[in-house]
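Got two chains here, separate frames each, mind docking them using the hints?
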Amino acid sequence: MKSSYTHALMPSPLQFVRRGAVVTLENVPPTRTLLQVLREDLGLHGTKEGCNEGDCGACTVVLGERQGATVRYRAVNSCIRLAHSVHGHALWTVEDLAQDPLIDRSGQPLHPVQQALLDHHGSQCGFCTPGFAMSLFASYQNRVCQGQAMGRAAAQADLSGNLCRCTGYRPILEAAQRLDQYPAARVDESALLQALAALPPPASAESAYLAPTTLAALLRARRHHPDAQLVAGCTDVGLWINKGHQQWAQLLDVTRAAELQAATIEPQDIAIGAGVRLSDAWHLLVQDRPPLAAFAQRFAGLPVRESGTLVGNVANGSPIGDSMPLLIALGARVVLMRWTDDGPQGQIAQRELALEDFYTGYRQNRLGPDEILAWVRVPRAQTAYSAEHPSGEWTRVYKVSKRFEDDISAVCLAMRLQIEGGQVKAVRIGLGGVAATPLRGRACEAALTGQTWGAEAVRQAMAALATDCEPLSDLRASADYRRTVLGHLLWRGWLESQGAQAWPLHLDAPDPLLALAAHPEGQP
Amino acid sequence: MNTACGRSLPHESALAQLTGAATYVDDMPLLAGTLHAAPILSPVAHGALRGIDPAPAWALPGVHDVVLARDIPGDPMLAAFAHDEPIFAQDTVQHVGQVIGLVLATDVMTARRAAKQVRLDIEALPAVLTPREAHAHQRYVLPPVHVVRGDAAAALQTAPHTLSGSFEVGGQEHFYLEGQIAYAVPHEQAQWVIHSSTQHPGEVQHWVAHALGVPLHRVRVECRRMGGGFGGKETQAGHLAVWAAVAARKTGRPVKLRLDRDDDFLITGKRHPFVYDYTVGFDAEGRLLGLDITQLVNCGFSADLSGPVADRAVFHTDNAYFLEHVAIHSFRCQTHLQSFTAFRGFGGPQGVIAIETILGEIARHLGLDPLAVRLRNLYADAPATPGLTASGRRDTTHYHMRVEDNILAPLMTRLAQTSQYGARRQAIAAWNAASPVIKRGLALTPVKFGISFTATLFNQAGALVHVYTDGSVMVHHGGTEMGQGLHTKVAQVVADELGVPFAQVLVSASDTSRVPNASATAASSGTDLNGRAAQFAARNVRQNLAAFVCGLDGCGAGEVVFQHGQVITPAATRPFQTVVGMAYANRIQLWSDGFYRTPKIHYDKTTLTGRPFYYFAYGAACTEVAIDTLTGENRVLAVDILHDVGQSINPALDIGQIEGGFVQGMGWLTTEELVWRADGHLATHAPSTYKIPTSGDIPPHFRIELWPEANREDNVFGSKAVGEPPFMLAISVWEALRDAVAQARGDASPVQMDAPATPERVLRALRP
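Protein sequence lines correspond, in order, to chains Y and Z. Residues 0 to 523, numbered by numbering that gives the first Met the number 0, are exactly what the first sequence covers, in order. Residues 0 to 767, numbered by numbering that gives the first Met the number 0, are exactly what the second sequence covers, in order.
With the rest of the complex left out, here is chain Z (with noise of 0.2 angstroms):
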């Protein structure tokens, strides 16, 4: 019986982050003899490092040294997939801000500082800037993926009706509020305790001990919450780990290693950037009938985990549509920029954007409603050509996956009806007819997110969950929390397999000490992976004790009962904390391991095919905005989404993650843009030149619901993943501002603007 399971549960660290007592990295009490680092950027976007002179640095007081790649012990390389990344930059420079070494200081203030004394000697060479250029120079950090199906060619040729057309959608700083940091402590006998802001402690040890030279287990990684990760913190954080470790080393002291927020701008990765150029075939309903698509993908000077982000959006360019022919070119392009990485949707929205942008060019260019050009794409059980899937019918992706769960019909004609769609399209276009200045637009679209790392080894967890004899719970497990929620999901499936009371189980940080190898808190799959791991351990503990009592009552395990606290025979009731006291004292364990592995996934990267998904999460949301003729400025007025998380664990935190998803989407595409001046410095280094939404920013009719239905597969509580799929609902603000531009010009020829879709770009695409 669930009586954590369910409820809107406040999140486990919430009275402590509005007191002030919530305990980040930077807040931690140093310790005696601690250096704060800061580092040595590179201000040239491609060049030759000839020296480097740190004696200006050295002039400061408080400056106790500086760290360059000659001090790494072990690899100079980072432990990353490609190996393709200096920890220092050593001969060369590749992007603005690459860091080439650390000044350590007694204070922070004075490492900055000096940082920024040292005087580099750097023969500038030719930088590539953009996708484009990088293409023609076939510069690319990994080959190129084609994924085919079907003869697109030939489809586009007796198509009755082709659009081509090309775009750019734009990158996203994270922007979480705690940015980077690290903290590095040396311990006896050659061992490391790295205190780290990451969603992937597991990969901070493995780079660390890498970088150092030692085995595996002389580093430990300790996180115990995060100010916000979004995917920044996945690879990113390991980079401070491994620069502050190197310096710990150096020096035998404590090294704290914090970046400005300006300095975490121009090192770090971002949301990649991409470029699409498309030919679509489609009948007179807008049936599509062949899409070929290049996607050029704007990598930086690294792959970091480039090769995944674009094979996901190669995944996602189909959304919620089946393609039938269709022919997709992945290009991994090479440029002297920050190296991309992962964030929130993880190439998915990059894929999905695509598909959506093509189908409304396709119902503009028929003069047919959106949505039901949508509908009538969405995969089906209607037959295919023949031979085309192995099904027979337009239910197979292009990677030859069946989609079995598909509800996105009933979804969308039900959040169709809810939010008044017809009705309002028709009011907005007699409003528009009206209004000479201001014009509204509407959109209404999907998603479809496939649930697993497509990397079919990461899928696996493991945790721990000890009973202490008081009756008090304690769970270890491999995820990270970043404000999503996952400790509080953890312990209320803990809660419900003990039977006892939510507030007696507590969740530690996570550490690599406790919980070994684990995979990195991302994909959206912490709860599935560890939640399903705890109450693997929750459930072996309860095996015990019931089979203990069985022995005390004689009765049968099936038998037992544990509930509010309670463990319940037919022949008595016994708290919990008694049960367990007795188990104790008749050397019963009373903790326990739980490991758990995604079921039925496989994928096989070298034919491109096979089920990378468990599942798909599905949802769709209904957008209205308004945009201004004479500047371009534009407004979301409403947002109806109907979101399927299947049987939410906390209803509370799901709908924290759709809206907050949905919020940081609508950034993504309007005003979080990046701005690169031509020499590669990023100029949109700080919050105030870069512009994440505000609360003036949210639409004042704002509307969640859930779907009613569990997970069709077998998944921790009848749960759905829910962290990344929301973020592409906002692709209806996008499409939403399509229309009202389309709307405002009145013709139906193709919306040409890139995103995000700044003032500028909309006026642009108003007066083409």
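In isolation and in its complexed conformation, chain Y is listed as follows (with noise of 0.2 angstroms):
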């Protein structure tokens, strides 16, 4: 396979951004990672490959992009990002914080991230140091340029895609707290934006990389180019390579098409394109909905929703993906499209399933070879119910796992409830690490329809949820485990429906007994 592309297909050059100049790599390899191109073909050896499957976050850089007049920084592992997927954008790594011309650092010889970590003495081993310097060099941008507070929440949020196994983090979290007391570093965006708009865009035609920028010439490469690969984020394709060596002589990005980097709120739905990556979908999905933040923060690494997009994860269907529990609860629609020979030039077709029917098997679904999943469409929000006011939706979504933060469900239930005068009129119930497939639990949303919206009538659901599902035992859980929890868990949304204790236990929010472990004769 590997001679194909080097005979037949040659990639287009790859070109970005660095220290405000163009750089320019002839002959990249479709499948060479961006961590490959930075340590072995650049010699920057700051970026470390820790994991080299988007785990660890030692291989963190920070993207630029172009969005209209401004830029939008990223950070995201380059152990999983395709080299040529960056091409268009600005790129920094460890190395430009201190060097970049285009980041005026008010007279300092350390970016701010760089002092801070130095004063609060962040780095022990220094591994996983400059992973830490550019998710935050991100959030630097992102928050502190923005004039946002930078808490202990917002910090950890931010780091949640970078492990550290020296220092148990409390001294990167204050200097993460503290970063907007050191004298500002500004990138010149003006000067970085003209830089950016001077690169041609990638090429397609042809090339062993192919990322077309519109939808139309994204259809027409699927067509006539079938065995590309498709990808997206690659945050999971970026593991097939790594891990199992796996090469394609061609790949196609669907992430370019300029109609398909839309998300847009309308009326009934919000609609969200194959380019749109996880965090900012999340950002709308929670919009919306605003009881999803917990969950859209757990979802991966910040690293990994900057990087991977909705739909490409819906595409790829694992069963345990944590959105598409989700996403059926909520009803979600994928809509397929392809281009057809009808019409003078040919023209677009699409067809539109709900989600739970798009799945046939393990990662198996209904996607044809000449078509794309271009838009995922998620109904929106209605008023939400309180027992106060018991018409309205009802929606939770609950993942367990052995650790909070970045890790895949043990087990994941959303649920959807419609409730009228404290009866529910309808339900969705969508279960997630259960099956060879995400799943509605059906036997549950009929044993609740039509019910009062009570414990007994959530007793009888939590048995018939029972029925729903065939969960296996594996190194997440056992299968008893998820059986119990999965109940347990339309438990907790019934507790919380009626304003019971919210789990998980919020870090910021005051704690009363906390506070008695105050000292008594304050510091010694």
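To be clear, the hints were calculated from the coordinates, so they are not data collected in a lab. Any given hint could turn out to be false.
[Claimed, not checked] Distance condition first, Cα-Cα at most 30 angstroms in a straight line; then the derived DSS-like pairs of lysine-lysine:
{"#": "1", "chain 1": "Z", "residue 1": "Lys249", "chain 2": "Y", "residue 2": "Lys242"}
{"#": "2", "chain 1": "Z", "residue 1": "Lys115", "chain 2": "Z", "residue 2": "Lys249"}
{"#": "3", "chain 1": "Z", "residue 1": "Lys115", "chain 2": "Y", "residue 2": "Lys242"}
Quick caveat: nothing in here was measured; it's all calculated off a predicted structure.
Written out as structure tokens, the structure reads:
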């Protein structure tokens, strides 16, 4: 397979902006990762390989994407990011923070993130340090430079994809919360935008790495290159390459089609295109349904959310993917598109399926060889149910995993009930981690539908839920545990709807008991 | 006068690390002709290796060679203590992930792809995967050890109360962020240079020389820094170095071997999992009267360091408590798994958690406050049964060492005050009564950790201090830098000894050609040993300089002061650099060696008695947790620590060790679960499936205080070792979780739970 692209298909030149200048690389193979290019081709050894699967963050770099008149900064895992996918963007590695001529550091030798980590003793062995510095650089651009507070919760959220085994994190979290106390460092965005605008779009015709910039071109490419491996954020395909050693002669990147980079709130639906990164998709979903915020933050780590796409997650269809149970509960639909010969120049044809009908088996789905999963459409939230206002929508999603952040669900349960005057009018239950595909809990739904939303109905629905799935025992949990906890999560949803204390205990919430732990005699 | 020691100076490499300029082995420029290696792994836990067909690997373009056991020029067995590990598996395979050979290629991904193509003909044999099964078949890597004092059986018979129980504590993957790596380079005249990420360059040198069949002086091993070690690069780094060296020997080319993270998990050893069976007798106040405990140690397929690890678990089964009548039975079980190895605490945590679990059960059984029970059982001066201990007091360990420096009673009392332990216990009980789903727990547990290698011979160290003619100082010592700040502390000690600014002192990469025969940087001993050796070396140089200026100024050596970069005599004040220049011109030696061996220690392996430890490091932690009784999910909410580092050479570094150790221990006992499939394959072989703590797991209230007292033994700067002891402070998390489970259940029955306390285990403990 390797020979087919070296002889038949050449990749187009890869170009990005670094330190204000254009870097041009020729003949970068389509499956080469950004980390390989940095370390092996460019000799930039500051960026480290810790796990080569996007779970440790040692390889974190920051991308700057042109979004109209602004720059969107994203911390991403360079180990599972394909090098060609950064074409047209700006790139910063740890070596650049104190060297980029486009960053005005107010005369300081170090960037604030470096100085703060130094002052707070935030590095020990130093191997994770470049990744932390880069995640904090993105935080600095996205929060501090926007005048937003960088509290403890924000710091933890932004560092959710970075592992440290030495420090215990406390000094890093403290450094993060004091970034605004250092002399400012500003990126000259107008100069950067100018440099980015001068880069040509990714070449698409007959390249080993196809990245069409319009929907029509993308669909035509899909039709003409049915063997090209579809890629979006590559947060899973990157593992197939690094760990499964897979290679393809040609890749087709769906994220560059301008139409599919849109995520919009329409009157009935939230429409999320195939080019929309998970972080942006979750932002919209949470905006519509604020109770999803905690779940959104537990979906992988931030660098994965900044690369991966919601549509990619759905198309990949992993039984342990966390978005599908929720999207099934919300009644989401997928829009599949293809190019047809109808009409004088050909045209786009599309079909729409309920998400749960898209899957046919373990990582198998109804996507045709000429089709692209172009959009996910999620029905909008209705008025929220509460014990005081017993008519409305009650939506909750819970996952249970060994680690709270950046872990894969042992089980995931999502529920959306439409309640009128205390009666359950309609309900959709989405289940993850309990079968070969994401599931709808139809027996559970049947048990609840038409019932009074109350403890008795929920107990019966818990019993029905146990018949909805046949969970397995594996490294994450036993089948017994999964079955038991699914029921308990339904019960938790009921309790919460009645105003009971929500789990998790929110880390930033004032805790009267912990106030007791305060030193009676001040610092020793 | 100290201007460097005692200050929170930044880590000597921090600036380089933050700018991407700190070099690790994988960052070194490659020599032309370098080949990249990838290991061929056994997919079978136990089997007869009938044949190896590398032809499919050869078919890949870029593959250069395949290296197997027959290519080893020297002994095909590693030069490990027990001499029980083959370098490459030859006739049998003994765990999934055992290395059978290497594939060499022009790039690393080709090598890895090709290694998976090698066809192995293995006849699977029955595999033993658990220590109970191994114990039943008497399969041990080393003979059992029994340590007995008094008459435990009689004490248990007469005790007013007894409890029996069994539980298991899981292993732990080191998850150093920098995976294992070695770069072997052939040099002229059968010499070899090995760049290794290792805590023990001397052992790497020994193992490589042994495998290549050359004298030690032909092999030079260098390590500037590791991206984390935690014990995982004590012996395990040696394997990689030997593999790379054998390949370099065969091909005559430099060979780099960097393990993929998944392979690192499959190949290398981890913390030993333990199984415990105990019976304990106690009085109505919870005082321990007799203890009989069996420890089944899961050692994996070979001995590696399992002997001293299991020994240290035996030594620390008392933790901080006087065990009057005790019988400890330690079985070193052989299983078809990775060979478990050193990991921060080195068996100590597995000893401490046993007694802390037992004391928690005793308090619950009697309805007493667990802290009161713990305080009541501390080593003390009160009389013991006549004739039982040499001193006749409750201050002598079961291995006959007197505890002379015990500070735990005041330390724990102070922590109980500053953390408001009593008020919080009451508040938590009231809160739990009103909270149907979420329940909280609280625990305050101590640690007493013995400092010194239990193998007395390792407690020695050497150093060289060079003063150049411009007054700049270079230090070479036998320790290694893995992030703990050893080089920073050693430079602080040398700077003060010479009275020069800290920035004037540089510590070199660890290198076997500079300081020979160095011990591993392990057992928390790095600063104690190497700091003292470097101090002695610097002192020799200083004395040379002092004698020289005495001659100039006609004063006594005791009148010469070295401080702030000046050499001060009653007659003159001269810059250090000036004195150095003058001394050089007068042919005064400006460099020296230093050598240190720890005093007072001795240990008789045959009678299991003596003073294996120079001193003890102490500490205590008070931890509050919450559990969700619907799912078993749990959170650490608040941690207060009071820890004893003696007089701190660098408080910031010491606090970093305490916090980092605690969080690592917290991971061991909560989220970090190693799961092997029924076929012996490690299912949790990457950070996607093996979960170390993240920043989100850090409690919002996390406060560290240092105990304000110098080491009572004569140690460098009055400090105490700090690498390992804080790890065991995290046992307070374990006890707090068990407290929360018991409070949720509202009864006094034992909390039957294994570690780590995953949500599933907590839920099961709630509904036994």
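Structure-based check of each hint:
no. : hint                  : in the structure
1   : Z:Lys249 <-> Y:Lys242 : holds (28 angstroms)
2   : Z:Lys115 <-> Z:Lys249 : holds (21 angstroms)
3   : Z:Lys115 <-> Y:Lys242 : holds (11 angstroms)
In summary, this structure violates none of the numbered hints.
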